[in-house]
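Chains as they are written, first to last, in this note's numbering: chain A, -15 to 101; chain B, 866 to 978.
Keep in mind the hints are simulated off the structure, nothing from the lab.
Treat the hints with care, as some may be off.
To be verified - SDA-like mimics (lysine to any residue), calculated; alpha carbons at most 20 Å apart, straight line:
id: 1; chain 1: B; residue 1: K970; chain 2: A; residue 2: S14
id: 2; chain 1: B; residue 1: K914; chain 2: A; residue 2: Y91
id: 3; chain 1: B; residue 1: K970; chain 2: A; residue 2: A73
id: 4; chain 1: A; residue 1: K28; chain 2: B; residue 2: G963
id: 5; chain 1: A; residue 1: K28; chain 2: B; residue 2: H874
id: 6; chain 1: B; residue 1: K970; chain 2: A; residue 2: D70
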Amino acid sequence: NAGVMQNPRHLVRRRGQEARLRCSPMKGHSHVYWYRQLPEEGLKFMVYLQKENIIDESGMPKERFSAEFPKEGPSILRIQQVVRGDSAAYFCASSYGTSVSSTDTQYFGPGTRLTVL
Amino acid sequence: AQSVSQHNHHVILSEAASLELGCNYSYGGTVNLFWYVQYPGQHLQLLLKYFSGDPLVKGIKGFEAEFIKSKFSFNLRKPSVQWSDTAEYFCAVFHQAGTALIFGKGTTLSVSS
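Start from the sequences and build out the full structure, keeping to the hints where you can.
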């Protein structure tokens, strides 16, 4: 059973360009979470999605950032007009459900390391 | 706001030493508790988790953690560390009213052989 897949693993963008990060959840998982890890910091929640729905985007900056999880295909985290402060590791996690129950462990992908020049 | 505190930023140990990493959380309701490990250059891996039942949880690679509800703590322990345990360790909490994990800032463990 393949784990959570993310691509690309490394992404370099110049200021003002767009960054697209992709995440394919584990088989059978319909809940996807995006987290950002800045240097010397723990992971910070950005957005939680189910198929075709954004459930909670309270951790995502209001401007330039968007996320989607279409009916078919991977979840996409999109950052428009990137700035140097967007440089970070972006991790995707998936789970089977989301309530406080034993089936709802989040499993993480390898992350995408975004560098903005 | 809910938060997770990891008391030690960087721990340095010799092989065979015992390890205890502290983790405290602030949420008072029902919680699930996790420890994740991130080896150098790799992604987060689940080390162990607590949902209910026995407060002493055993995980992979000889790690265990104890949930003490009265202290809002979930400390990670290992009786004898190995060089290969060098990694960053993250405590995380999922609470009933939330939708995502809340992570501590992490503890970097360096084990010298």
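Each hint tested on the structure:
The suggested pairing of K970/B with S14/A is violated, with an alpha-carbon distance near 27 Å, which exceeds 20 Å. For the hint pairing K914/B with Y91/A, the CA-to-CA distance comes to about 12 Å; that is within 20 Å, so the pair holds. Of the supplied pair hints, the one linking K970/B and A73/A holds, its CA atoms being roughly 14 Å apart against a limit of 20 Å. Of the supplied pair hints, the one linking K28/A and G963/B holds, its CA atoms being roughly 14 Å apart against a limit of 20 Å.
For the hint linking K28/A to H874/B, the alpha-carbon distance of about 17 Å falls within 20 Å, and the restraint holds. For the given pair, K970/B sits about 19 Å from D70/A by alpha-carbon distance, which is consistent with the 20 Å threshold.
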